[in-house]
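J.: Protein sequence lines, in the order shown, are assigned to chains A and B. Per this note's numbering, the first sequence starts with residue 1, numbered consecutively. Per this note's numbering, the second sequence starts with residue 191, numbered consecutively.
Don't read these hints as lab results, they were simulated from the structure. Since the structure is predicted, the reported quantities are computational estimates derived from the model, not experimental observations. Don't take every hint at face value.
[Unchecked claim] Have a look at the derived ranges for each label pair, beta carbon to beta carbon:
hint : chain 1 : residue 1 : chain 2 : residue 2 : range
1    : A       : Glu29     : B       : Thr334    : 49 to 59 Å
2    : A       : Asp82     : B       : Gly314    : 47 to 57 Å
3    : A       : Asp134    : B       : Gly215    : 24 to 34 Å
4    : A       : Ala54     : B       : Lys252    : 44 to 54 Å
[As the list claims (entries may be wrong)] Listing some non-contacts, in silico: residues in chain A with all C-beta distances to chain B over 12 Å:
hint : residue
5    : Cys24
6    : Glu29
7    : Thr30
8    : Leu56
9    : His60
10   : His63
11   : Lys67
12   : Pro87
13   : Gly89
14   : Ser116
15   : Ser149
16   : Asp184
17   : Gly185
[Said to hold, decoys possible] Result set (BS3-like, lysine-lysine): computed pairs, CA atoms no more than 25 Å apart in a straight line:
hint : chain 1 : residue 1 : chain 2 : residue 2
18   : A       : Lys152    : B       : Lys342
19   : B       : Lys252    : A       : Lys152
20   : A       : Lys123    : B       : Lys342
21   : A       : Lys148    : A       : Lys10
22   : B       : Lys257    : A       : Lys123
23   : A       : Lys148    : B       : Lys338
Built from N, CA and C at the ideal position, the CB exists for glycine as well.
2 protein chains.
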Amino acid sequence: MAKISIFGGKGMIGSQITALFERCGNDVETIGRDYDGHELGDIIVLAVKFPDLAPLVETHGKHFVGKIVIDITNPISFGNLDELLVPQGTSSAEILAEKLPQSQVVKGFNINFSNSVANAQVKGNPASFVFASDSSEAKQAIFTALEKSGAKLVDAGNLQKARLLESAGLLLINLAVSGQIQRDGGLVIV
Amino acid sequence: MAKISIFGGKGMIGSQITALFERCGNDVETIGRDYDGHELGDIIVLAVKFPDLAPLVETHGKHFVGKIVIDITNPISFGNLDELLVPQGTSSAEILAEKLPQSQVVKGFNINFSNSVANAQVKGNPASFVFASDSSEAKQAIFTALEKSGAKLVDAGNLQKARLLESAGLLLINLAVSGQIQRDGGLVIV
């Protein structure tokens, strides 16, 4: 059992991630805009949209020291689904890691649609939860917290692989916008 | 029924693509190193490895005028699975399109492992064949040629989306090398 703090844990995807970690037997708290600076769990999920990520870290990052921090964002604008909003040669997660040198930053949950997170099911298939991080210990802690999920838990490698995951996120969002993936569908690795 | 010419059609992935198009009722020919310059089919598949793509086009590209040309390559080196071998901000397919301005270049088949191409099955799921091209007509011609395949046929959008598909290819190859995807597994979109 891990103690897990979820910023944005009442949002569309955040509430699903909250339900997922709870279902797996973890001690989960959701954190809102009124966060008072209390000690956070070992695993922090930043379940906010990309434009809100930098301000959140600016304000509260000092409380993330020594913690595992999961970045779930897709750095996209619906006005331009051709390109990511981060510079070429980096990723939202790598930019976050530069700002949080004393945290273990992990990319995850950005290629999952919210409908398939809590139950870890995509149209009858086990969902694939894919994580990238330079910290093997951080990924292992997340895998342990999710071992009862029923999902396929995948280690995508080092944090640089967040670039590939964010590209995959943009691809999936394109397919959703063009109606080729439904809300209960998505990408699965079998 | 389309007439389809497959360079490298006797190779590991090429033979699977050949079998796939044949199974769907098309007229398929495989082309080897002894290609004599005869008129090619309406759809040309360049089922060669990335390092062989540029020399092939240099030698035979004059015969591709007016044709649909499918680039299946993953621009990777197994010595460095962190990065693609093409510059940031482009893709193998976009580079190919610059060299073949009178062809309709399509990216496809680069996120499918060879074992799941001919039968269009990935561990009991329909395989996902994903195509990107600036030519809607080219994608439609390929969809028509594959409509009996049983696969989920996906339009990823314009040719720039080849960047996302090539990133997805690199991700999948990483997962295969780390043993998290088996030879009969892969990525499916449901």
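J.: Just want to verify: Glu29/A was marked as not at the interface with chain B; is every Cβ pair farther apart than 12 Å?
T.: holds (31 Å)
J.: Can the restraint linking Lys257/B and Lys123/A be considered satisfied, given a maximum Cα separation of 25 Å?
T.: violated (38 Å)
J.: According to the definition I'm using, a residue is off the interface if its beta carbon is farther than 12 Å from all beta carbons of the partner; does Lys67/A meet that for chain B?
T.: holds (26 Å)
J.: Checking one constraint from the list: CA of Lys252/B to CA of Lys152/A, max 25 Å. Satisfied?
T.: violated (47 Å)
J.: Can you tell me whether the CB distance of Ala54/A to Lys252/B sits inside 44 to 54 Å?
T.: Holds - the Cβ-Cβ distance for Ala54/A and Lys252/B, about 51 Å, lies within 44 to 54 Å.
J.: Is the nearest CB of chain B more than 12 Å from the CB of Ser149/A?
T.: Consistent with the label, Ser149/A stays out of reach of chain B, its closest Cβ about 16 Å off (over 12 Å).
J.: Starting from Lys152/A, check that the Cα of Lys342/B is at most 25 Å away, please.
T.: holds (21 Å)
J.: May I ask you to check that His63/A keeps its beta-carbon over 12 Å from the closest beta-carbon of chain B?
T.: His63/A clear of chain B: closest Cβ-Cβ about 32 Å, beyond 12 Å.
J.: Between the alpha carbons of Lys148/A and Lys338/B, is the straight-line distance 25 Å or under?
T.: violated (39 Å)
J.: With a cut-off of 25 Å on the C-alpha distance, tell me whether Lys123/A and Lys342/B pass.
T.: Roughly 14 Å between the alpha carbons, so the hint for Lys123/A and Lys342/B holds.
J.: Range first: 49 to 59 Å. Now tell me if the beta carbons of Glu29/A and Thr334/B are that far apart.
T.: At roughly 53 Å between Cβ atoms, Thr334/B and Glu29/A fall inside 49 to 59 Å, so the hint holds.
J.: Okay, Asp134/A versus Gly215/B on CB: inside 24 to 34 Å?
T.: Check failed, 50 Å falls outside 24 to 34 Å.
Hint compliance for this structure: hints 2, 3, 12, 13, 14, 16, 17, 19, 22, 23 are not met, and every other hint is.
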